[in-house]
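Protein chains in written order, with numbering that gives the first Met the number 0: chain A, 0 to 431; chain B, 0 to 400; chain C, 0 to 223.
For the record, the hints were derived by calculation from the structure and aren't laboratory data.
Treat the hints loosely; a few may be bogus.
As the list claims (entries may be wrong) - Covered by chain A, per the in silico footprint, the following chain B stretches (three or more residues, Cβ under 8 Å):
#, region
1, 72-85
2, 220-232
Unchecked claim - Quick list of simulated restraints, FRET-style, between CB atoms:
#, chain 1, residue 1, chain 2, residue 2, range
3, A, ASN97, B, THR64, 53 to 61 Å
4, C, GLU76, B, ILE383, 21 to 29 Å
5, C, LYS211, B, SER319, 33 to 41 Å
6, A, SER388, B, LEU282, 15 to 23 Å
7, B, SER358, C, LYS114, 52 to 60 Å
8, C, GLY124, A, GLN349, 57 to 65 Å
9, B, ASP133, A, LYS251, 49 to 57 Å
10, B, ASP133, A, GLU128, 51 to 59 Å
Glycine included, C-beta positions come from ideal geometry on N, C-alpha and C.
Residue strings, one per chain:
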Amino acid sequence: MFFRMIRGTFARQWKKMLMIALTVALGASIATAMLNVMLDVGDKINEELKTYGSNITVIPQSEAVMNKLYDVENDEIKAEYIQEEKLGELMTIFWANNITDFAPLTDTTVTLNGSDVRLIGSWFDHHLEFVKKGTTYQRDTGIINLRSWWDITDGKWMDEQKLDGDKYAMIGAELAKEKNLSAGNKITVNGEKGAEELTIVGVYESGDDEDQCIYTTLPVVQRLTDSSGLFKKAEVSAITSPDDELAVKAAKNPSLLSGDEYDLWYCTAYVSSICFQIQEAIPEASAAAVRQIADSEGKILEKTELLMSLITLMSLIGATLGISNLVTSGVMERSAELALLKAVGAANSQIPRLVLTEIMITSVIGAAAGYFIGYAFAQIIGHTVFSSSIEMSGIVALIVAVLIIAVTLVGCIPAIRMLLRLRPSEVLHGAH
Amino acid sequence: MNKKQRMFIRMVVASLIRRRSRMIVALLAIVVGATILSGLGMIYYDVPRQMSAQFRSYGANIIFTPSGDGYVSEEDLDQGVSIFKKEELEGFTPYRYENSNIHNLPVTLAGTDFDSVMKTSPYWHISGRLPMGDGETLVGAKAAEKLGLDIGDSVSAQNSFMITEDTDLTKIPDYEIYTDPETGEKYCDHLLEMQVTGILETGGPEEEYIYTTFHDISSLTLSERGYDIVEVSVAAMQDRLKDYIKTINSNVSGISSKLVKRVTASESTVLTKLESLVFIVTLVVLALTMICVATTMTAVIAERRREIGLRKALGALNSSIIAEFMSEGLLLGGVGGIIGAVLGYFFADVVSMNVFSSSITFRPLLIPITIAASVLVTGLACLIPIRSAVDVDPALVLKGE
Amino acid sequence: MSLLELKDVSKVYGELHALDKANLTVEKGEWIAIMGPSGSGKSTMMNIIGCMDRPTSGQVIFDGRDISKESRKKLTEFHRDKIGLVFQQFHLINYLNAVENVMVAQYYHSMPDEKEALEALERVGLKDRARHLPSQLSGGEQQRVCIARALINSPQLILADEPTGNLDEANENIVLDIFKQLHKEGTSLVVVTHDPEVGEVAQRIVRLEHGKIVSDKKNENFTE
């Protein structure tokens with residue numbers, strides 16, 4: 000009989016039930032969309048913040064340490080350099096997937112038309128392959144993404160993989176103006192170990208002292224400085240988690256952490272743990288956070304996440320109020336019908352059970368539909384703002400489910416209390 | 000006011016007051032919608048300003064360099080800085096670089112103003128503390144490593160120069176004179192003793208420098224001169240900064256100002272994304288909330304179908320029923336809009352205080368917009384069900400059940 | 000001239016002939032009971048008499064005017080001016096008190112006047128309950144408010160649809176006494192009912208079956 004009554008309600012009251020389901024679906028879709036966006040916004044903004052360039056620099060260990068590590072007599076390794084081939088190790092560390100770009104840099108002073116100029120050799124869009132323990136790692140990386148703020152005022156970015164040979168250069172805007180150079184010109188630079196003739200492929204404006212520099216391919220500088228296969232410094236751009244207490248503690252000295260803390264720290268993408276892992280992978284190098292970038296990133300991420308979570312909270316409050324509101328009025332509307340049940344002798348406990356079961360069925364259907372609508376909204380947001388999908392988190396489904404059930408129950412309370420107080424005669428005699 | 004209008008008001012008021020629980024349900028829905036509209040609206044408009052201030056943690060976004068071969072003078076700096084709006088100027092720090100020797104190793108000394116340096120370089124990590132006056136120094140981490148310095152150590156910077164007839168040795172507090180045996184020229188080895196109060200870690204080139212006060216650097220070099228570079232941090236977007244730069248470059252002859260592109264270009268990229276994120280989130284939440292308001296209003300009207308039928312049976316014209324129900328709805332929309340607009344402001348302020356620790360800018364325009372929007376949405380949400388309800392045959396409604 | 004005349008009035012819903020060529024005349028001041036089992040066409044006839052519906056075919060002449068072809072709007076106006084309705088379910092507006100419910104009818108008709116409305120309530124013996132909301136009134140009291148509302152605009156015809164259907168015997172008698180009083184004062188009354196006790200007090204009884212008038216005769220037991 001219980002189920003027949005419920006079936007009856009859905010058959011007769013389907014419009015009202017549909018309305019409740021619709022509201023629940025709307026609320027659930029807000030919750031789903033907002034929670035997913037909130038949980039993913041950190042990663043998304045973090046990726047955007049990569050436009051500020053590298054947040055980690057890798058340099059050789061100081062000579063003092065080098066002397067301890069290696070026999071000084073081993074003349075092969077120059078203390079101020081790191082071996083280029085070791086850079087592939089960056090693709091093998093625990094947080095390798097968080098490293099978005101990296102590039103080696105070596106600079107030297109050369110003369111160009113009689114004046115001293117800083118010449119920097121690097122990778123532009125270098126194709127890197129690295130084999131370790133039988134696994135081949137590969138990726139394209141270079142300074143194209145590490146200098147995203149550059150304006151190319153003439154010519155274009157150097158396309159390392161397409162150009163023939165390595166005798167090419169990009170020149171800073173101020174220097175180009177001074178020397179009256181433009182894309183297509185050939186320049187001759189004189190270094191300690193000879194001269195190189197380079198073709199200018201582009202002129203860049205960087206807004207800092209690099210406007211006075213020339214960028215060229217790494218091999219050119221290696222030849223000019225007699226440092227084949229070596230580089231002086233590497234810039235690494237990594238997606239990191241904002242520093243917290245643990246990160247600060249670890250930054251002082253990781254060996255002071257307890258075992259659990261150490262594991263947590265090591266497996267969290269703190270800038271300090273990524274630096275630590277880089278040093279593990281390349282022992283002769285020292286990796287340090289670029290504070291200007293890493294700190295600001297942390298701050299902005301923290302603010303954005305907090306902002307989004309408060310907006311989410313607001314939307315959730317709105318959604319829950321909306322749902323409980325409609326559930327309350329939906330149940331109240333049926334007071335006459337329910338009073339009749341009471342009049343024909345339904346026990347006080349039976350009516351709430353009936354109402355709850357009906358509303359719950361409606362809510363669950365609504366919430367399921369809402370979850371998928373919310374999924375669509377989250378993706379719309381992801382694609383419009385960040386041009387990438389929002390990752391859906393399983394926990395959101397759980398939160399939304401719990402939330403909807405709780406809200407529906409809460410929404411029923413005033414209505415049920417009213418129903419229990421109701422005297423059947425009043426309702427049946429009163430106007431409907 | 001005639002009796003008819005009075006009766007009209009009496010009915011509307013009675014409906015609002017005596018159907019309290021239903022009206023509260025409807026009002027609550029409208030208030031929630033209006034709160035979200037006004038709250039998110041204010042947050043949306045304030046995000047660029049508030050986030051822009053956060054982005055200042057990247058440090059200076061404009062630098063002044065001397066326009067010619069000279070230095071940036073104090074007067075030029077004052078004139079240049081006065082061009083910025085006071086509330087946008089976060090801070091500015093001048094620098095003067097000199098080469099010197101410590102322990103016979105070449106180092107770069109940087110004179111600066113320690114009171115403002117953290118405003119333009121908030122990312123500096125200092126172990127120990129900033130120097131508080133003359134005779135104290137902040138040493139970059141790499142320089143400290145190279146020189147074997149630690150907090151609390153004393154260090155002597157050394158500056159040698161040739162003594163000429165113009166040299167006034169009385170100005171120099173501490174020096175040694177020696178004569179070049181070959182040329183017979185007299186040299187003065189001037190020492191400046193300072194105490195290391197802090198070690199600076201930035202991960203950047205600053206770690207190579209040794210920072211002192213301007214006074215110390217002047218007394219070491221025995222020369223007063225202007226600045227090599229001035230870092231300026233301005234809380235404004237790229238376009239505005241470009242305007243400032245134009246103004247400064249054309250009005251202040253001694254200064255060549257430049258954008259720090261790495262900071263400004265990236266900031267505008269990220270801020271634009273953030274802004275559009277908040278915008279679209281606001282839009283989605285608003286759309287869904289408005290639908291929520293509409294369904295609630297529809298439900299509230301739908302349950303009064305029989306009353307509409309009765310009024311028709313009593314001879315009411317469709318137009319007068321619509322007028323009565325709509326004025327009820329619009330009144331609710333207006334009241335809900337006002338409450339929501341105010342609540343939204345407080346909500347936005349709470350968010351702003353929590354996230355940015357500064358209060359939200361009150362946007363007076365959002366109040367009428369919120370009220371208008373909630374009246375409009377409520378009106379539309381009422382109009383549709385009312386229109387379909389008045390078309391119903393009163394005989395059928397009154398007969399039913 | 001008769002107050003109301005139905006000439007060969009039919010109402011067809013698809014296949015169903017709810018009313019089939021009915022002829023009925025109501026004189027001024029007459030008290031008629033329309034009786035029949037459910038589904039006999041009582042409601043359809045009542046809607047047509049009450050100007051709330053138009054017949055499929057035939058003529059409805061009210062006060063000398065053929066209203067069967069009038070527009071809905073005209074029909075509404077006509078019905079508002081000439082007819083007072085009494086419902087089985089009273090249909091009071093639950094957020095308005097008794098006197099306000101009466102005034103609503105004045106409001107749509109002409110001009111609300113609280114004094115007149117209170118007088119109307121006095122006529123049905125509810126003067127002291129004028130400020131009560133419907134939920135605070137008993138069923139009988141609600142029906143009396145409904146009657147007061149039907150009377151307020153001095154209609155030419157009171158049309159009552161099962162006026163005692165929701166009332167106990169005591170209240171039924173109160174309502175019928177009011178009808179008697181109205182009849183004495185010269186008001187025309189059409190009462191649709193399936194309750195013989197209610198039909199028995201009318202001046203004339205019309206019986207409907209399957210949409211047809213099967214009998215139409217004077218009530219011999221009628222007492223003034």
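Hint check results:
| no. | hint | result |
| --- | --- | --- |
| 1 | 72-85 | violated (count 0) |
| 2 | 220-232 | violated (count 0) |
| 3 | ASN97/A / THR64/B: 53 to 61 Å | 37 Å, violated |
| 4 | GLU76/C / ILE383/B: 21 to 29 Å | 27 Å, holds |
| 5 | LYS211/C / SER319/B: 33 to 41 Å | 39 Å, holds |
| 6 | SER388/A / LEU282/B: 15 to 23 Å | 19 Å, holds |
| 7 | SER358/B / LYS114/C: 52 to 60 Å | 58 Å, holds |
| 8 | GLY124/C / GLN349/A: 57 to 65 Å | 41 Å, violated |
| 9 | ASP133/B / LYS251/A: 49 to 57 Å | 31 Å, violated |
| 10 | ASP133/B / GLU128/A: 51 to 59 Å | 57 Å, holds |
Of the numbered hints listed earlier, those contradicted by the structure are 1, 2, 3, 8 and 9.
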